[in-house]
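4 protein chains.
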Amino acid sequence: MLNPKSSTLAEQLIRGTYVQQGLDAIRSRETLVTTLLAQRCLPDEGWDDASVELLLQTLSAMDSNNFRGSTGAGEREARVFSPLVARRHFRLAHGVGRSGDVAAVQPKAAGSSLMVQLANALAKDVLRLAGMRAVQAALVLPVATGMSLMLVLLQLKELKPDARYVIWPRIDQKSCFKSILAAGLTPLVLVNVLVEEEDGHPGGYLKTDLTGMAELIDQYGSDSILAVMSTTSCFAPRAYDSVQEIAKLCKDRDVAHVINNAYGVQASKCVHEVELAMRIGRVDAVVQSLDKNFMVPVGGAIVCSASREVIDRVAKFYPGRASATPTLDFFITMLQMGKSGYRRLLKERKHLAAYMREKLEALAAEEGERVLRVSSNEISFALTLGTLCSEVMDEKEKSQQLTFLGAMLFSRGVSGARVVSCLDHKTIAGHEFNSFGAHHDGFPVAYVTFACALGMQRDEVDLLVTKVRKTIQEWRAKQSKASSIAILRESQPQQGPTHESNE
Amino acid sequence: MLNPKSSTLAEQLIRGTYVQQGLDAIRSRETLVTTLLAQRCLPDEGWDDASVELLLQTLSAMDSNNFRGSTGAGEREARVFSPLVARRHFRLAHGVGRSGDVAAVQPKAAGSSLMVQLANALAKDVLRLAGMRAVQAALVLPVATGMSLMLVLLQLKELKPDARYVIWPRIDQKSCFKSILAAGLTPLVLVNVLVEEEDGHPGGYLKTDLTGMAELIDQYGSDSILAVMSTTSCFAPRAYDSVQEIAKLCKDRDVAHVINNAYGVQASKCVHEVELAMRIGRVDAVVQSLDKNFMVPVGGAIVCSASREVIDRVAKFYPGRASATPTLDFFITMLQMGKSGYRRLLKERKHLAAYMREKLEALAAEEGERVLRVSSNEISFALTLGTLCSEVMDEKEKSQQLTFLGAMLFSRGVSGARVVSCLDHKTIAGHEFNSFGAHHDGFPVAYVTFACALGMQRDEVDLLVTKVRKTIQEWRAKQSKASSIAILRESQPQQGPTHESNE
Amino acid sequence: MLNPKSSTLAEQLIRGTYVQQGLDAIRSRETLVTTLLAQRCLPDEGWDDASVELLLQTLSAMDSNNFRGSTGAGEREARVFSPLVARRHFRLAHGVGRSGDVAAVQPKAAGSSLMVQLANALAKDVLRLAGMRAVQAALVLPVATGMSLMLVLLQLKELKPDARYVIWPRIDQKSCFKSILAAGLTPLVLVNVLVEEEDGHPGGYLKTDLTGMAELIDQYGSDSILAVMSTTSCFAPRAYDSVQEIAKLCKDRDVAHVINNAYGVQASKCVHEVELAMRIGRVDAVVQSLDKNFMVPVGGAIVCSASREVIDRVAKFYPGRASATPTLDFFITMLQMGKSGYRRLLKERKHLAAYMREKLEALAAEEGERVLRVSSNEISFALTLGTLCSEVMDEKEKSQQLTFLGAMLFSRGVSGARVVSCLDHKTIAGHEFNSFGAHHDGFPVAYVTFACALGMQRDEVDLLVTKVRKTIQEWRAKQSKASSIAILRESQPQQGPTHESNE
Amino acid sequence: MLNPKSSTLAEQLIRGTYVQQGLDAIRSRETLVTTLLAQRCLPDEGWDDASVELLLQTLSAMDSNNFRGSTGAGEREARVFSPLVARRHFRLAHGVGRSGDVAAVQPKAAGSSLMVQLANALAKDVLRLAGMRAVQAALVLPVATGMSLMLVLLQLKELKPDARYVIWPRIDQKSCFKSILAAGLTPLVLVNVLVEEEDGHPGGYLKTDLTGMAELIDQYGSDSILAVMSTTSCFAPRAYDSVQEIAKLCKDRDVAHVINNAYGVQASKCVHEVELAMRIGRVDAVVQSLDKNFMVPVGGAIVCSASREVIDRVAKFYPGRASATPTLDFFITMLQMGKSGYRRLLKERKHLAAYMREKLEALAAEEGERVLRVSSNEISFALTLGTLCSEVMDEKEKSQQLTFLGAMLFSRGVSGARVVSCLDHKTIAGHEFNSFGAHHDGFPVAYVTFACALGMQRDEVDLLVTKVRKTIQEWRAKQSKASSIAILRESQPQQGPTHESNE
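Keeping their order, the protein sequence lines are chains A, B, C and D.
Counting in my numbering, the first sequence runs from 14 upward without gaps.
Counting in my numbering, the second sequence runs from 14 upward without gaps.
Counting in my numbering, the third sequence runs from 14 upward without gaps.
Counting in my numbering, the fourth sequence runs from 14 upward without gaps.
Check the hints yourself; a few may be wrong.
Copies of the same chain are indistinguishable here, so a pair counts whether it falls within one copy or spans any two.
[As the list claims (entries may be wrong)] Below are the SDA-like pairs computed for lysine to any residue, each with C-alpha atoms no more than 25 Å apart in a straight line:
| # | residue 1 | residue 2 |
| --- | --- | --- |
| 1 | K480 | L36 |
| 2 | K372 | G399 |
| 3 | K18 | D37 |
| 4 | K372 | G82 |
| 5 | K360 | R141 |
| 6 | K439 | T30 |
| 7 | K261 | K409 |
Everything labelled a hint here was simulated from the structure, so no lab data went into it.
On a predicted model such as this, the values are computed, not experimentally measured, just so you know.
So here's chain A without its partners, still in its complex pose (with noise of 0.2 Å):
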């Protein structure tokens, strides 16, 4: 704001030299701009929230909605009702893309489209980051991680229109499964291969059947099979797909390969398999979410690929504008974090997470229970619940102590985890699924599930370990007591927490 004549002009009301000292002190903001800019990743250091305010202001007087003297005669001029909804939005309202690419710059809106374009490469910088060197671009998307899935198959079927099948390697959450359906598109489910515990204990983790997707290739035809979509992080005792192996098995067969990556960024042997997937096989595209990596509101993902041309094929094929909030959240977080601070919060994940495993087990160990070993799962820790059901139970009862247990976890303050019966059936669009929750029919042992994300606290592990240890004491105390009514009465009304799915 103090071009060289107001300068001039300040000096007529404080010394020269103070004048200058603050002008250095802009500069030094300014050339944070300048090497963003220049580099397009994200900043050794985090900026503070002055500097990145001045930044979005600036952007925001770039834009058309916010200049002074010119007048909108179009059906979308972007001006705002609410002061409070305005200043939300640093007065950016013109969103992102355009009608034919929603990574394209509007010419009403060079701040927004700036933005949009620096967040683009600041994604594909933190993505490299985390160790996806591969990755050649990255779009961040204004939908979440569903949409963005379905978004990539409908784009993907744009070029083989007549393919109708994706192969579906499976795992017990929804809107994977339905971002195939919306898409018009019919899942072939995969049934995933259970290799039991060592020592014969009930338990065990599930992994890719890598035969079986090569025997339902040939089956279908290669151009009946529109792509494979694996998924990376996911709950305990399911283990990462074999992406690899899928991506080697897709380039033979010349069928498309989307990882499902959803919140595989924060872990690094997740990140290990996907660049080894993208470098040694086919990967069309890789989407995560936003929210599970990068600590912003639900709402956004960054699709990205080895290949340039299939992320601008997908910004392309967006029909329309979007909001470009889940894209700014993402840009001031990246702006805020820096290199330095991602790196903090991925190394004191991986410390927390082996620390989570290790009271977990300690408590497993009190419980006579066992935390299963999933090699690479890094995030989520399944306890297993076999002793905790008394084996004269029905099935019916053990359902509902076991939903009551999910109750009680949730109403006692433990958010997120999971207590997987494996008796829970479910359809889906026509698509029947025995044990839903455990990502295979039969698996052997009922558990709870918890996961260490970015973001979470030493003291956290304790008071859920805490929590956790407190619940099911008190749990076991009511099912010595054995009143099945009165225990039904209470667990109906809260059971819905329980069942929540997690994207």
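Please arrange chains B, C and D on chain A, whose structure you already have, making use of the hints.
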């Protein structure tokens, strides 16, 4: 924040009557909320900032990410890194919807969920307030018009999977056309009927070819046709589609009917047409833009219907969660606008549109041009540019000159004006369009359009007409100098905005 | 934030013409600042929020506590603990002034210092705009009117250390009286002259006893008298003091003259009187409230003078630093109001005051009362309550009834009305006042005052008169029931507000 | 905002258990307020932003300017023009106090008044928490330390109107000296005692001349002496005044005693001295800065006393209303800091001060200088500059060189360092000070001071020492070139900051 115990304690610090008077004031704000929850419609008078903020902060406190003393063990716990980001979302970070349903309640986010339910109720109410009394259900979608149309089509396709055509009376606006393609469907472009000016002047307006539509249905067969996508709000000289007649036809032939009512809620005649169409014939869904009709930032749309079932199906079709921002912006704006505010805006726009036409007609008369008579279009006005292009010009030169006029208007601070040369050819995904922008291959005269949209101010109209007059005069002066090389040079870098599409 | 290098880099991301247009828009905001610094007066038109915020954030970046990479080794480095607090101050935390001078530049705070210099210039400008053309210097003091008066008196005393009296034409408002006492000086209370209503009705108005003043000066001797403290803005039926005559007298007798012009800037006649006094006679300083004249929160005042020297002395007299808030609020408000905004407010208030008088006179006529004619008072109106207290009441009962009327008005949402019974006795620091509130021991009739202050709205006046009418009717009804015991009970807990003093 | 009726209605929109869980969360925030009102002390743990904002908005709703449907007929109705200004004050616009008392409740502003009462209670609590257990009452004054001292003196004078002297052990800090002058009183400057370094090195520290003080009292007579104004927190090499001994002397001789404890709350030894003085002898009032001790912006102070009566008198002495900002900033900060936060800050500062001394001593050793031993000063450290000025320099040149060193430090981003040449002469209101800045006419060596104040960070200390080392080396290098003309030229425009006074 002041429970009864606190109130009693407060009376030890300040006189009881003052505490009581303060509590009365708090209660009067609480009553606003009670009325909102009881009536689920816009308040009669808009709320002030303080009331809105208090409500949002209260709702925010009800979301699990803001609980004190709880622990999050899910993979998505709405942790927000940047305080700037948290603040702009009022700490509502869980987004909207669940994996199964974008209108569903989130157990972890009672506050956000309440907001969403209310927003959908307000959407229904405001549409009815505007005159669409037939609306029985409405849903705020967190994607803009184009994506919303695509979702509606995809949902319809689920019910009629073998139908692959969508009849589309031509409207030269990319995102609705792309919404058909993106859904994997094939558009059947229906040519508009040109009705010439009564006195033989070059010009006229464009209306729906109802006979042609019936013939198309017969030709392809009802079973093959998924839907007719009609358009109401549009740029002059295209008139609103004859949605009543289309609705009757669709009812007769058992074909779905989706109305793209992008910015039509603000225009009473348009609303009236849609209302009658819903009452008389078949209208599966009507889609309207949030930003254009309700003065919020770009990013959302309302889908409404005379049938609650349709809306429920669309909601349940959405794969995964979504950004809460479009819903929240709409929610805040409806509370702050109130019924009286929205009515006042509608009335002012109506008067101002008449005023704009009047002023443009005066300008047209000065220039030997006219403002085309498009009876049903109350928002957009087309000023012919017939005499302004000298007859001796060839097509290429004429096109350049008109492109240049558009660039001049833009750089002089007139945004949203569209110069249509009737000479542009465009191919979208293999579909050819002559005279792109004019909605008709053979529209007889070049023109420029201006819209009088909700929220425009009288002084903006004055400024607009002054600027247009001045620009045309300068442009004429340059033309007479006819240095086409210089023109080319100036126009090139700025030609972008004249191609601006408008969704 | 976009230096030339950044702009060039931005052109690699978005088209150069868009960057340029954005930069033009930024420049147009920078020009606002240049004009402000060059002219140092209110902008013609008020600034929008975005421009103000950009300026404040720029200034903030110039303060050392916001420097990046610096280190603070003083005992005061403006570190702010709470982000909420930092944000509300735009991170300007150094306050105003230095130990020697409240108007001095702070080396550590170039931005804050610039703001202070500009605010003082704007203070001078706005006073001159309001009509005080004689003002040569003005200073925004970060303390309210009472403290400002005290500081002016203490400063005058420095020059005339042996003078200990201040002549004070009675005005029943505590803080100006206390400002004399707090300065360690002795007030000489000058009784006002009561000018009765021309037609003999009980009432009249109060004016300055100029003869009495001259006599007082003679009696104590000019050397003993430090100053006359006159008052302009005041509650009817007190008229503005005859400041012209007083100024002449003070000039003659070599006595300082301080005008308490608390809320007089908003009233044109009042401003004119002060202007003439400054031109014709002696006026050392005029003190006006920031909140009452310029619609900012309570906390500051402007001291102005026809002599720059006086203002400099006051500034240099202030011991230590002070809060920047009153100055900043004033600064922001002047930028957002602009000349046109302030003129419009002044005009509206003038019209509204006439309207309020008219409405009150109609009410008075209905009730057999009158609005007292106080020629020079354009802000405050006194409605007599003569017939409203039955003649048979004794003083105590009458006093209770009137107290009760005040409490009724307050609890019915009328704030700021003052019921003056002419029966209150008050002792302030040993000085006795009969008929406190009435500015005169023997004012002949009870009354209630209403002010039409800057920023009041027409519908507020309507609501006021409606509420007053209804309250008086209810009060009369209760009186006729005359259950004085019940009244007492009801009035007691609410009596506070009627004693409300008004600075 | 959710009353019971609203809660019931909400259950029609979302499941009852979710509403209940949300209400539980709201209640847990309400409980914070109840605890605050009940205990009137800092919360154990700091509040989050959301809780503070909810409380402030609730309080704000209780102020009459925010009532819905009321009408303001006073001359001051807290109408705020600028939304930016309203927002930064949370719409609390009535300020604090009434005409009679700065701590009084305002009938029109119940919310603001509650906040003020609580803030004063928190002030008392935090002082006691810091170790001043003798404090029985505290008052947040909306003026900074200098003005607060002046008000205390003026108030004392009211009780002893004929006493005109204030004994002031010399402290070279202007605002406290000016506070005496501004009150119209005459300072009696008491020369400090220089205690030399034990090993004969040039340096030493300065302590109170208790014998001299007793003699002064005898000389002028107790009746003539209003007060002793002692100082605790101060720049090294001045030690804290011997407030215990002074308190005893004042008790004996019946002279008031005011302690200027500007930034002493943060230092445990200082607090302990003050505590003992209050217990053992006479301490009428202790004044401490808000910004320096509690990390808020400049603008307020706390006056405290072992006697509630003294504090009440000071409150009632304040003429008129005042800005609520210093009080509000303090209130917010105390809520967000909590007891644990303040304790942690105090502890960190203590450790960091030791660390700073250590680092400075290392630097001193390198340079052949030393950090002076000032036993009681835990905040400020003086590094001698003895060898750094070559012996052959004359006084003028030496003064220039040292000024230049100060300017170099400032322009290299070291703020708050004070270079004291012991060569400055200053006259304040006729009082002559030799060696100004050094608190003593004949201090034997030049030095530079650095403070380790509350909120400083370890990396700031590291940066400081690095910068100081580098600056001294550059300065030495320049000196050896000895181009005094060039130096003069460079130093002049920047000399301001070195004279920076520190209140």
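Okay, the hints, checked on the actual structure:
no., hint, verdict
1, K480 x L36, "between (54 Å within a copy, 21 Å between copies)"
2, K372 x G399, "within (19 Å within a copy, 60 Å between copies)"
3, K18 x D37, "both (16 Å within a copy, 16 Å between copies)"
4, K372 x G82, "between (63 Å within a copy, 19 Å between copies)"
5, K360 x R141, "within (16 Å within a copy, 41 Å between copies)"
6, K439 x T30, "between (73 Å within a copy, 24 Å between copies)"
7, K261 x K409, "neither (44 Å within a copy, 52 Å between copies)"
Violation of the numbered hints given earlier is confined to hint 7; every other hint is satisfied by the structure.
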